[in-house]
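Asker: Residues per chain are reported as follows:
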Amino acid sequence: MNRLPLLLCVLALAACSAGLEPMAPQARPALADDEAGVWLAADRAEHGLQSAPHRVRDPALNRYVQGVACKVAGTYCGDIRVYLVREAGLNAAMLPNGVLTLQTGLLLRLADEAQLAAVIGHELGHYVERDGFAQMERARQLGDIGAWAAVFGAALGVPGLDSALETEAALDILAFSRDQEGASDVFGLERMAAAGYAPQAAVEVWDLILAEAGADGATPADRLLATHPLPEDRRERLNAAAIALPQPPEGRGRAAYRAALAPHRAAFLADEVRLRQPTATLRLFRYLAERDGLDAVLAFHWGEVHRLRGWKDDRRKALATYARALALPDVPVETHRSIALVRRALGQWRGARFAFQRYLAHAPDAPDRAIVEAYIAEVL
Amino acid sequence: MRWPVFLALVLAVLAALAGCARIAAVGPGRVEIGGGLSVQAAAGWNRLPRGAFGAGAAWTRDGPGLDALLFVAGHGEGEPLFAHTRERKALLLRASMTPTEVMELWATELALADRRMVTVGSLMPAEFAGAPGFRFQYAYADADGLVFDGYAAGAMIAGRLYLIAFSGTRAHQFRAHWLAAAALIGSARIVSD
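Protein chains in written order, with my numbering: chain A, 5 to 384; chain B, 121 to 313.
Think of the hints as simulated: they come from the structure by calculation, not from any bench.
Do not take every clue at face value.
[What the hints assert, rightly or not] These stretches of chain B come out as covered by chain A in the derived footprint (C-beta under 8 Å, 3 or more residues):
{"#": "1", "region": "216-230"}
{"#": "2", "region": "276-287"}
[To be verified] Just a few of them, taken from the derived set where beta-carbon distance is under 10 Å, the chain B residues facing chain A:
{"#": "3", "residue": "V146"}
{"#": "4", "residue": "R181"}
{"#": "5", "residue": "K209"}
{"#": "6", "residue": "M237"}
{"#": "7", "residue": "W298"}
{"#": "8", "residue": "A302"}
{"#": "9", "residue": "R309"}
{"#": "10", "residue": "V311"}
Because the structure is a prediction, the values reported are computed rather than measured.
All C-beta atoms in this analysis are idealised placements derived from N, C-alpha and C, irrespective of residue type, glycine included.
Extracted from the complex, chain A is given alone in its bound form (with noise of 0.2 Å):
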């Protein structure tokens, strides 16, 4: 988990791109130049990303992200490949090559397809840019095109390629400038702005990731501010540009994206849970709550951060919020069993049984069943 790569921005080689030709749509480096190295190595660590095991294969997510993506793209939707990757982080990463990754935990804060169009746009732009190529001195003085697949590899999880490097330096090698990440900041809004989605999502992508930082001192948001501090002045130097654009009002896609991300969206909540960072998954919590209004499956994993954490108060809040999510449609069936075990805990025994009994009621085939009906025997 440490591995997360934590950049909302581009990976790519070659920086230092000053007299470039932005890339051409449909273009690929001649085998003679320098910058066919760089993508080479990206094609390697495309090839172990195709069959990583972290991989989210769902076809129907997948076609989706990748439509937003060529809406944004245009002309160079041929030349964008998007790979989800299930990783409770909030990085989105291009390669030189075109291969743009986005981790489920990026998509799990996103509210809308606008704010997803903006983070495209933002990577599109270092892209199109090749922001990256001037860092080919980099590339040279690192070595060969295995030394890079090891830097790309490491900077994505990707497996068999990040055994070299530890992701935070790999990070660190690939890192762009201040202007670079300006240049694709204005660059994104104009392209989500000319495929008809709201500039404005662009900000709020920014207020999302502060919104999380400082807590746990080690949260993903945190890690991406390290690795890469927001100037001063760049969210309100994106505010500006994004309030002297076009704000189309259906130019949200609020309820296509929540519909595309549904049949995943417990899981990635599930993940968050599953780092144990509570102070940091609270928040962000509530985050989505306030931001979204409060459904069964967040309440239902809010309780879960207070049951698992434990502490003084934390059985009370639990119990609360699991009482939320039992109010409203929906509900998890594994409330049922954790209301259960935070009563047991707490030596309330008939309340323990009774929810026991629920969750069985609700869920007779459950995998855990005979394990319950011990806790139930054990409570009589």
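Given the structure of chain A, go ahead and fit chain B onto it with the hints provided.
Answerer: Positioned in the frame of chain A, the structure of chain B alone reads:
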């Protein structure tokens, strides 16, 4: 100190260190793990150097990258499952933990150890070392993309957790060594102090 004496001392220290760090065969026979836990080891098991996987004790048959047998031997209230999470308050054991909560903690430990796509399940009551306990299955992919299956069994006895977990590659090691691991787990005994 004369050079030959100094050199001999250095070599002796290096030899001792090498001895600590190497993988050594264990068994066959009954082996004390610590914390009062002992198991009957058949031939073929190898003890990994102290601290491997952060576990109190860790064994393997084909190598730590392919299969591993991890021991949690009598960890009590406020102690971590693995040494590397000692500083994480949210990951410390509670004597009142249910098997469900132990399994959840196991899943978190795997995730924090850079395992991906961690799943746990099939939690069942099961006797362990002659006491009422539990067993569950788990699976994950390591950083190199190898997929592993795992099986754990344990019990909370007098407020202390005893647990033995075996994992091996799905492609070969788990199935190849499953019977040996199950026999070993079934042989667990706990002698109270």
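Asker: So, as I understand it, the hint says V311(B) touches chain A; can you test that by seeing if any CB pair is closer than 10 Å?
Answerer: Since the shortest Cβ distance to chain A is 26 Å, the answer is violated.
Asker: Please verify that hint: A302(B), Cβ, nearest Cβ of chain A, below 10 Å or not.
Answerer: Status violated, d = 18 Å.
Asker: Closer than 10 Å between Cβ atoms is the bar; does R309(B) clear it against chain A? Give me holds or violated.
Answerer: violated (23 Å)
Asker: Hint W298(B) vs chain A: min CB-CB distance below 10 Å?
Answerer: violated (20 Å)
Asker: If you take the shortest Cβ to Cβ gap from M237(B) to chain A, is it below 10 Å?
Answerer: holds (5 Å)
Asker: Does the CB of K209(B) sit less than 10 Å away from some CB of chain A?
Answerer: holds (9 Å)
Asker: Restraint: V146(B) near chain A, CB-CB cut 10 Å. Satisfied or not?
Answerer: Status violated, d = 28 Å.
Asker: Report holds or violated for chain A covering the region 216-230 of chain B, Cβ cut-off 8 Å, minimum 3 residues.
Answerer: holds (count 8)
Asker: For the restraint on R181(B), tell me whether the closest CB of chain A is nearer than 10 Å.
Answerer: With a minimum Cβ separation of about 23 Å from chain A (threshold 10 Å), the hint on R181(B) is violated.
Asker: For the region 276-287 of chain B, do at least 3 residues have a Cβ located nearer than 8 Å to some Cβ of chain A?
Answerer: Since 0 is below three, the answer is violated.
The structure is inconsistent with the numbered hints 2, 3, 4, 7, 8, 9, 10, although it conforms to all the rest.
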